[in-house]
Amino acid sequence: MSTAALAAAVVTAATQEPDGVNLLIPHTFDIVWSLVVLIIIAVPFRIWVLPAFQRVLDERAEKIEGGLAKAESAQEEAAAVLGQYQQHLADARAEAARIREDARTEGAQIVADLRTKAQEEAARILETAQRQVEAERQQAVVALRSDVGALATQLAEKIVGESLADEVRRSRVVERFLDDLEADQAAGVATGQGKGA
1 MSTAALAAAV VTAATQEPDG VNLLIPHTFD IVWSLVVLII IAVPFRIWVL PAFQRVLDER
61 AEKIEGGLAK AESAQEEAAA VLGQYQQHLA DARAEAARIR EDARTEGAQI VADLRTKAQE
121 EAARILETAQ RQVEAERQQA VVALRSDVGA LATQLAEKIV GESLADEVRR SRVVERFLDD
181 LEADQAAGVA TGQGKGA
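Residues 1 to 197 (the numbering used here) are what the sequence shown spells out, left to right.
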């Protein structure tokens, strides 16, 4: 066949409109040339592009796995630190409770000590006051005896009309007067108690 015949066949085929199933199925030469172009594009793509793409995907997968491993280790470390923190917090709370209890005990001991010291001081002050009162009473008794003795001597001199200049005589008169005075007081107290009974 000549080129003219071939050209005529191509023109005839091109001018004919496909119908039915032929409408969806391309011509053989279209399929062949499409396969050739596909092979020309697919082979270099398979040789150079896919390995590079696979390498990038592998690197990303490694980074993601490394990141997940780091995140997991960081999470474990955070959990360990949290556990230590909670343990320290529990220890600190226990220590604070112990210190608070010690302070309460020590405070109670201090209060008890201060109360004891205050009672001892009050007893000492009371004892000192009693001794002072007793000493003042003794001084008053001594002063009263000497004053009463002098008054009794003067009174006795006036009543008896004789001089009591002699010291021994004067002492006897004073002692006898004081004994009578004490006996009168004791009798007054006894009769006062008898009336009260």
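FYI, nobody ran anything at the bench for these hints, they're computed from the structure. Beta carbons: idealized from backbone N, C-alpha and C, even for Gly. Some clues are possibly wrong.
Okay, the calculated beta carbon distance ranges per label pair [stated by the list, open to error]:
#: 1; residue 1: V111; residue 2: Q75; range: 47 to 55 Å
#: 2; residue 1: A97; residue 2: E134; range: 24 to 32 Å
#: 3; residue 1: E77; residue 2: V36; range: 55 to 63 Å
#: 4; residue 1: A140; residue 2: K117; range: 54 to 62 Å
#: 5; residue 1: D91; residue 2: E127; range: 51 to 59 Å
#: 6; residue 1: S73; residue 2: V111; range: 55 to 63 Å
Each hint tested on the structure:
| no. | hint | verdict |
| --- | --- | --- |
| 1 | V111 / Q75: 47 to 55 Å | holds, 53 Å |
| 2 | A97 / E134: 24 to 32 Å | violated, 55 Å |
| 3 | E77 / V36: 55 to 63 Å | holds, 60 Å |
| 4 | A140 / K117: 54 to 62 Å | violated, 34 Å |
| 5 | D91 / E127: 51 to 59 Å | holds, 53 Å |
| 6 | S73 / V111: 55 to 63 Å | holds, 56 Å |
When each numbered hint is compared with the structure, violations occur for hints 2 and 4.
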